[in-house]
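Single-letter residue listing:
Protein chains: 2
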Amino acid sequence: MHNKEKTCWNCPAIDLAGKVDFRACGQSVEEFRKKLDLEDSFQIMAECKRRPELGLYDPMSITFEECPEWQKCPHGYLLKNMRVLILGIDGYLGWTLALWMGSLGLEVSGVDNYNRRDWVKERGAHTIVPISRMSERLRAAQEVLDININFREIDILNEHDRLREFIDEVKPEAIVHYGECPSAPYSMIDAEHAMYVQKNNVLGTLGVLFLMRDLVPETSMIKLGTMGEYGTPLTGRPLFEGMFPADAVLKWDNREWSLGGELIPRDPPSFYHISKVQDTYNIVEACKYWWLRSYDVMQGVIYGVHTDQVSADPRLRTRLDIDEWFGTVVNRFVAQAIIGIPLTLHGTGEQIRGFIALEDAMQCMTRLIASPPEPGQYAVVNQMSGFSSLREIAKNVAKIGKEEFNLPVKIQRVENPRVESERHPFEPIYEN
Amino acid sequence: MHNKEKTCWNCPAIDLAGKVDFRACGQSVEEFRKKLDLEDSFQIMAECKRRPELGLYDPMSITFEECPEWQKCPHGYLLKNMRVLILGIDGYLGWTLALWMGSLGLEVSGVDNYNRRDWVKERGAHTIVPISRMSERLRAAQEVLDININFREIDILNEHDRLREFIDEVKPEAIVHYGECPSAPYSMIDAEHAMYVQKNNVLGTLGVLFLMRDLVPETSMIKLGTMGEYGTPLTGRPLFEGMFPADAVLKWDNREWSLGGELIPRDPPSFYHISKVQDTYNIVEACKYWWLRSYDVMQGVIYGVHTDQVSADPRLRTRLDIDEWFGTVVNRFVAQAIIGIPLTLHGTGEQIRGFIALEDAMQCMTRLIASPPEPGQYAVVNQMSGFSSLREIAKNVAKIGKEEFNLPVKIQRVENPRVESERHPFEPIYEN
Chain A
1 MHNKEKTCWN CPAIDLAGKV DFRACGQSVE EFRKKLDLED SFQIMAECKR RPELGLYDPM
61 SITFEECPEW QKCPHGYLLK NMRVLILGID GYLGWTLALW MGSLGLEVSG VDNYNRRDWV
121 KERGAHTIVP ISRMSERLRA AQEVLDININ FREIDILNEH DRLREFIDEV KPEAIVHYGE
181 CPSAPYSMID AEHAMYVQKN NVLGTLGVLF LMRDLVPETS MIKLGTMGEY GTPLTGRPLF
241 EGMFPADAVL KWDNREWSLG GELIPRDPPS FYHISKVQDT YNIVEACKYW WLRSYDVMQG
301 VIYGVHTDQV SADPRLRTRL DIDEWFGTVV NRFVAQAIIG IPLTLHGTGE QIRGFIALED
361 AMQCMTRLIA SPPEPGQYAV VNQMSGFSSL REIAKNVAKI GKEEFNLPVK IQRVENPRVE
421 SERHPFEPIY EN
Chain B
1001 MHNKEKTCWN CPAIDLAGKV DFRACGQSVE EFRKKLDLED SFQIMAECKR RPELGLYDPM
1061 SITFEECPEW QKCPHGYLLK NMRVLILGID GYLGWTLALW MGSLGLEVSG VDNYNRRDWV
1121 KERGAHTIVP ISRMSERLRA AQEVLDININ FREIDILNEH DRLREFIDEV KPEAIVHYGE
1181 CPSAPYSMID AEHAMYVQKN NVLGTLGVLF LMRDLVPETS MIKLGTMGEY GTPLTGRPLF
1241 EGMFPADAVL KWDNREWSLG GELIPRDPPS FYHISKVQDT YNIVEACKYW WLRSYDVMQG
1301 VIYGVHTDQV SADPRLRTRL DIDEWFGTVV NRFVAQAIIG IPLTLHGTGE QIRGFIALED
1361 AMQCMTRLIA SPPEPGQYAV VNQMSGFSSL REIAKNVAKI GKEEFNLPVK IQRVENPRVE
1421 SERHPFEPIY EN
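Note that the protein sequences, when read in sequence, are chains A and B. For the record, in the first sequence the residue sitting at position 184 is 184 according to the numbering used here, with numbers rising by one throughout. Position in the second sequence (from 1) plus 1000 gives the number in the numbering used here.
Calculated from the structure, these hints are not laboratory results. Any given hint might turn out to be false.
What the hints assert, rightly or not - In silico DMTMM-like pairs for lysine to aspartate or glutamate, Cα to Cα no more than 20 angstroms straight-line: (1) B:Lys1035 to A:Glu420; (2) A:Lys199 to B:Asp1253; (3) B:Lys1251 to A:Asp190; (4) A:Lys35 to B:Glu1420; (5) A:Lys34 to B:Asp1190; (6) A:Lys288 to B:Glu1256; (7) B:Lys1034 to A:Glu262; (8) A:Lys251 to B:Glu1262; (9) B:Lys1251 to A:Glu420; (10) B:Lys1399 to B:Glu1350; (11) B:Lys1288 to A:Glu159; (12) B:Lys1251 to A:Asp247; (13) A:Lys251 to B:Glu1143; (14) B:Lys1288 to A:Asp190; (15) B:Lys1034 to A:Glu422; (16) A:Lys199 to B:Glu1256; (17) B:Lys1199 to A:Asp190; (18) A:Lys199 to B:Asp1155; (19) B:Lys1049 to B:Glu1136; (20) B:Lys1035 to A:Glu422; (21) B:Lys1410 to B:Asp1323; (22) A:Lys251 to B:Asp1253; (23) B:Lys1199 to A:Glu159; (24) A:Lys288 to B:Glu1374; (25) B:Lys1199 to A:Asp155; (26) B:Lys1199 to A:Glu192; (27) A:Lys199 to B:Glu1159; (28) A:Lys251 to B:Glu1256; (29) A:Lys251 to B:Glu1427; (30) B:Lys1251 to A:Glu427; (31) A:Lys34 to B:Glu1422; (32) B:Lys1288 to A:Glu427.
Unchecked claim - Estimated spans, in silico, between C-beta atoms of each pair: (33) A:Thr348 to B:Glu1192: 45 to 51 angstroms; (34) A:Asn254 to B:His1126: 48 to 54 angstroms; (35) A:Gly124 to B:Asp1058: 43 to 49 angstroms; (36) A:Arg418 to B:Glu1192: 58 to 64 angstroms; (37) A:Asn158 to B:Ile1400: 19 to 25 angstroms; (38) B:Ser1061 to A:Asp360: 56 to 62 angstroms; (39) B:Ala1125 to A:Gln363: 50 to 56 angstroms; (40) A:Gly124 to B:Glu1256: 35 to 41 angstroms.
Nothing here was measured: the structure is a model prediction, and the numbers come from that model. Backbone N, C-alpha and C define an ideal beta-carbon position, used for all residues, glycine too.
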């Protein structure tokens, strides 16, 4: 079990309020830990919100394996009835994760303002897998899977006070943040769209961070970033997970310095991707100032539309977009193959990306929720199961289309709208 | 003369529209230049907006020294009657620069929405140098210094269309962007202020970039950043000017890569400082996508209140804030010394910062305006004349106060509200 050694120190049920003065302990998680290791007299005391009978105790003395509130499941130990709040629960990933989490017995709540449905409609597109309205989805989840989802329609940017009420009511133990506008081309339409995407994403998330500080400071935010934050440096240097590793060294002027822990340079290729970088800085700083905890998930391109839950009933399906605004590349290729039009490769197709299947992404999210960061910890996970050039992906889709489904698939090159080097090395690190 | 070798390629009077297809030339300024150097048949042709009689010609064939539109002055060659637009012209730096530029014979225009006056009032503070209303300032500039400033009251974020009209009317040849909210503590008050500062700064600037693309793509934006973007890494690695230099090398896993040209890691200490980092990414990308040009000025702490122009008449004075929200450290110390209260050092006072006098900052800005970047070039200037710990600054102010003005100056330590390491190395690079 990957998380059996974690302790109450990582658990969102810990109550540190007023018992640990982080500011007095020094600047960083690292310094704090060093102090803990070196100074015998330095001790942390906390209480447990779920087990008040413990009184004041050392939160590093009880592991998940030992605590009766954490229970074994195929994904590791899970906090019994853990309260998970999903921001953007109506989307491709949000809805899928809600059912996935619910089927694991967690208490799922969620908010959405249906913006995704509106953006897609605005561009004259629509999900090619028909989806139900939220009320029907919720009813079906209860009828078919016996999952009760506590949903509220809230705009996280413009209804800050309603979100405050909901978070205060739910007291989530993990917040999964899918509530941003996820389209690079949408952000590049014009000034209005660029400003809208950055406003919606960056300021919405900043507001959530303040609410977490005020209401649920021990809860972790698991936030969707993108591998696109990094760009694809032509030197071929590795795409580390957010920060330089401890043994990365800067050499200049015959001198050397460790770069360990510093954010790796970003080179986002659109105003949408920039919004994710802008988020990164706000989240890093919220962890530093307020000892919030966060996993930033730099996700590769997701594909597929199947999990056991969303496939259990037509009313439970999740959306699938294949248009040029909100569609992603594998889903587009497959759709193009099926309807018999050529697969469109932008430019040479030598661009390399990381990929992950929908079901694998759900498993990753589960493990992250089950293994929360420490207070003050900001950690990055590059989430992919492998990488490949777009041309290879197209070829594979064409091959499978021909051989297994007897489809006459063609590949067509079109001009690349992005300012990017199409030929580039790619060495992503994805150990976390 | 520092800029005599620059050519029409750098000049904002160049008209490249439709004559150079940057997209077809490759991705980057570097690749473009390489192509220019290596391929004989590869040639750029342009026209001059100021000298249409030149027809189509090679813009690298005429230097500033050779062009009659560029005239010698003590700050290098200056473009005759150059049209300079100052965003935030009512502020400490904006107003000072307007008069400075006007006295050099440039055509100065400016916009402001008087937000700075409102923010300071909101915090219960006020400028300790009394300043006039804009109408009086403009009249005095004309009467006393014979400078005509073309001013319009515009909110650059919320009046995008009015700003469009003004830029289209003025057709600025350089845009100096001082139009952001410059206070770290103001951004840390609460969620509302944090979101306001990032919205005002980042989205306002993003809107300006789109207008430049549409209306004045050869004009450079000289934008105020802050040395605070970098933070103060405890390893003591140098604070390069925005990007790693070409000879900076990453060593990891027994391999090496050049980091040259990649943005150096940022570690901004407040939501205000983050807004500057967020701007950086938008500006970098606008230069990359649209071949805009920009100098990002990472300014040290400015001090002082004198230039010949602002001192020429009481109505021409620029503001001086010494409160805890908008005051900066040297100005505060001096004011505290004069009114006889202790100089307040936050924490140990061992924090090191870069500093620059108001008049020196104006000279730097003049040189930057006189030496525009190339199309597509994003360059960073760390602007300071030296650096020092806050404690040394306080000691110096106390010493001068005692010895030269017979003031009984005391220094008092108060708690440091920032999450920062007070003891840190500091090696800023400021070659540009």
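### Violations among the numbered hints, reported as their numbers in ascending order
Hints 2, 3, 5, 6, 7, 9, 11, 13, 16, 19, 24, 32, 36, 37, 40 contradicted; others consistent.
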